[in-house]
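With chain A fixed as given, assemble chain B onto it according to the hints.
Chains as they are written, first to last, in numbering that gives the first Met the number 0: chain A, 0 to 360; chain B, 0 to 360.
Check the hints yourself; a few may be wrong.
Each computed PhoX-like pair below joins lysine-lysine, with the alpha-carbon atoms no more than 20 Å apart [to be verified]:
# : chain 1 : residue 1 : chain 2 : residue 2
1 : A       : Lys1      : B       : Lys357
2 : B       : Lys348    : A       : Lys348
3 : A       : Lys90     : A       : Lys314
4 : B       : Lys348    : A       : Lys357
Simulated from the structure, these hints should not be mistaken for laboratory data.
Protein chains: 2
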Amino acid sequence: MKTRITELFDINTPIIQAPMAGTATPALAAAVSNAGGLGSLGFGAANAEQVLESMQTLRQATNKPYNANFLVHDRPVRDPAKEAAWLETLKPFMDEFDAETPKALNEIYMSFNADDDLLQVVLDERPPIVSFHFGLPTPERTDALKAYGATLISSVTNLAEAEAAAAAGMDAVIAQGFEAGGHRGTVEEPFEDGHVTTMALVPLVVNAIDIPVIAAGGIMNGNGIAAALALGADAVQLGTAFIPCAESGAPDTYRQFLLGDRALRTELTTVISGRPARAIVNRFVDELRDRADEVPGYPMTYDGGKALGAAAAAKGTPEFAPMWAGQAAGLSRAMDASKLMQLLEYETKQTLAMLRDKIKD
Amino acid sequence: MKTRITELFDINTPIIQAPMAGTATPALAAAVSNAGGLGSLGFGAANAEQVLESMQTLRQATNKPYNANFLVHDRPVRDPAKEAAWLETLKPFMDEFDAETPKALNEIYMSFNADDDLLQVVLDERPPIVSFHFGLPTPERTDALKAYGATLISSVTNLAEAEAAAAAGMDAVIAQGFEAGGHRGTVEEPFEDGHVTTMALVPLVVNAIDIPVIAAGGIMNGNGIAAALALGADAVQLGTAFIPCAESGAPDTYRQFLLGDRALRTELTTVISGRPARAIVNRFVDELRDRADEVPGYPMTYDGGKALGAAAAAKGTPEFAPMWAGQAAGLSRAMDASKLMQLLEYETKQTLAMLRDKIKD
Chain A
0 MKTRITELFD INTPIIQAPM AGTATPALAA AVSNAGGLGS LGFGAANAEQ
50 VLESMQTLRQ ATNKPYNANF LVHDRPVRDP AKEAAWLETL KPFMDEFDAE
100 TPKALNEIYM SFNADDDLLQ VVLDERPPIV SFHFGLPTPE RTDALKAYGA
150 TLISSVTNLA EAEAAAAAGM DAVIAQGFEA GGHRGTVEEP FEDGHVTTMA
200 LVPLVVNAID IPVIAAGGIM NGNGIAAALA LGADAVQLGT AFIPCAESGA
250 PDTYRQFLLG DRALRTELTT VISGRPARAI VNRFVDELRD RADEVPGYPM
300 TYDGGKALGA AAAAKGTPEF APMWAGQAAG LSRAMDASKL MQLLEYETKQ
350 TLAMLRDKIK D
Chain B
0 MKTRITELFD INTPIIQAPM AGTATPALAA AVSNAGGLGS LGFGAANAEQ
50 VLESMQTLRQ ATNKPYNANF LVHDRPVRDP AKEAAWLETL KPFMDEFDAE
100 TPKALNEIYM SFNADDDLLQ VVLDERPPIV SFHFGLPTPE RTDALKAYGA
150 TLISSVTNLA EAEAAAAAGM DAVIAQGFEA GGHRGTVEEP FEDGHVTTMA
200 LVPLVVNAID IPVIAAGGIM NGNGIAAALA LGADAVQLGT AFIPCAESGA
250 PDTYRQFLLG DRALRTELTT VISGRPARAI VNRFVDELRD RADEVPGYPM
300 TYDGGKALGA AAAAKGTPEF APMWAGQAAG LSRAMDASKL MQLLEYETKQ
350 TLAMLRDKIK D
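With the rest of the complex left out, here is chain A (with noise of 0.2 Å):
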């Protein structure tokens, strides 16, 4: 299949395999690119230490095209107060699971704007796309990329994203609907002006851009594929498909909950983390829903998170975890990843033989 991301990104299926932080291993994302797609590396809990390590692992696994992602925030403004009372809502859940409360939460990631050790190790390895989540690159950044060759995409989440997106020079954008599982990649608050579906997001982004747009969110398998190329959109990229992949980093309990009923239940929740992300629910999404107008900001709130998330494990219980998932979880399969490329691509091209079919009558 040829689309203009195809071409673009010099790869033979227009698949993208997203770049989950914690999940997307090296030996994951080479699967997917060996298959002819585009496997990605998600950089967003990693520091630059980490980055060349897996971007070395990756390379040694395939020669084809990858994309490293980065997130791209602005710095937090940090609230001692806030930052203290949440630990003490999160200390009942701590205790619970006999695990000392930390004294205090600390700024865990840095973004990829305000960290030069990253941006030296993207130029030393670079990886030939390069996308980003939570906002843009700066101007120098762009530049920078560029001028080594890089493929620059991002992620957006309503029309003024997307044509910001252009305007700053991206090659590409990811339309990100509502649906999809992980972090929604809203730059501002209000964060509801970004909670726009696949289906009403991509031919509106797609009518008001002249650069190719990837489809993400909620789709799961050919029909969704076939879909989103029916929108207008040049690819697709699937992150919740590839979770229950062999070579993915999930925990089998997160495996378990996606390819059972609890895959049905998903919401979009800020206590996790402290940005929108849709989560599988489970306790920990349900009993501080009620509590997500205290939580003190991003990345804060997820060094809490990840606390209680470990704690819980410990004790042998996966409801704590972050099970980021999309709406279509349900949809869930599980085998190797080279055998998922080759069925998405049938799947794909049975539906699309189904259609033409339609217009034969």
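Using the frame of chain A, we list chain B on its own:
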């Protein structure tokens, strides 16, 4: 185009015009049915006499199949104190428009399940297709309608509702995505369990039940129609796309909002009617958002909302009108309904041909 729905409804093209109460006139429905689709009349706000008159007007304009839509909500539990408090909340706005605040809120619409006069009109006039929103008809009513040969369909917003509709004997379901304009069909609280988007909901429902699925929400043109068919739907239901048609009952200001930038911002709100419904954000939605917890329930809230909308309209402002619209309203186009039907068919075929060319490569 032939699908299970064109066979079931005996129509030529799998496009249904949504039953928008107040906006879907007999002229609009007749134009859509005469063009080969399925025109619909929305009787959520009508008594038996009005229903009879509309059906007879429609019948004079077409002999093709049409759809009559009814609401099947449970009778509301009244809360006089809450209703009185809500009138106090509306009072400053009523004062702004020099209008008298109503003394009380009324249960202005009856559920089809509770109104024997409505049932009798349907049994007398025998609309070929009868559709339901907010729930399912009682078993007795289901049997009575099937006895004259009616085809029955109902709106669903999650997998559990789809399975319940199939088990209750519905002949097809309308999978109404989160992006859809107007009232959500979600039956029970928490309404958030019905916030599933078209892209996620349609394949989940198609996988789970055997009866045909009609996709609704975010579909405005041939790209959306082709996408819905790719997802496995056997037809589409479009509401917002038909509002700017010459034959609709929409006021000029509503049309202007749909055709301009105001169409880009919609929101699910309960403050207009008491149930969640997607509308263009105007002063009504914006200035009462924070009072949503205080609404007295449907349809009493709607009684107040209509009084306020009328008072504001009398002073020349559309800022308190209920401007139901889906998230893709920014793709609205103004033309006759017959022209729009032709265009939708043409665009759908063009999109399917574009997709066909992709697998040739």
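Query - 20 Å Cα cutoff - pair Lys1 of chain A, Lys357 of chain B - result: 7 Å, holds
Query raised in the report: Does the alpha-carbon distance linking Lys348 of chain B and Lys357 of chain A stay inside the 20 Å limit?
Result: This hinted pair holds, its Cα atoms lying about 9 Å apart.
Requested in this report: With a cut-off of 20 Å on the C-alpha distance, tell me whether Lys348 of chain B and Lys348 of chain A pass.
Outcome: OK: Lys348 of chain B and Lys348 of chain A at ~18 Å, within 20 Å.
Query - 20 Å Cα cutoff - pair Lys90 of chain A, Lys314 of chain A - result: OK: Lys90 of chain A and Lys314 of chain A at ~16 Å, within 20 Å.
Violated hints for the displayed structure: none, as all numbered hints are satisfied.
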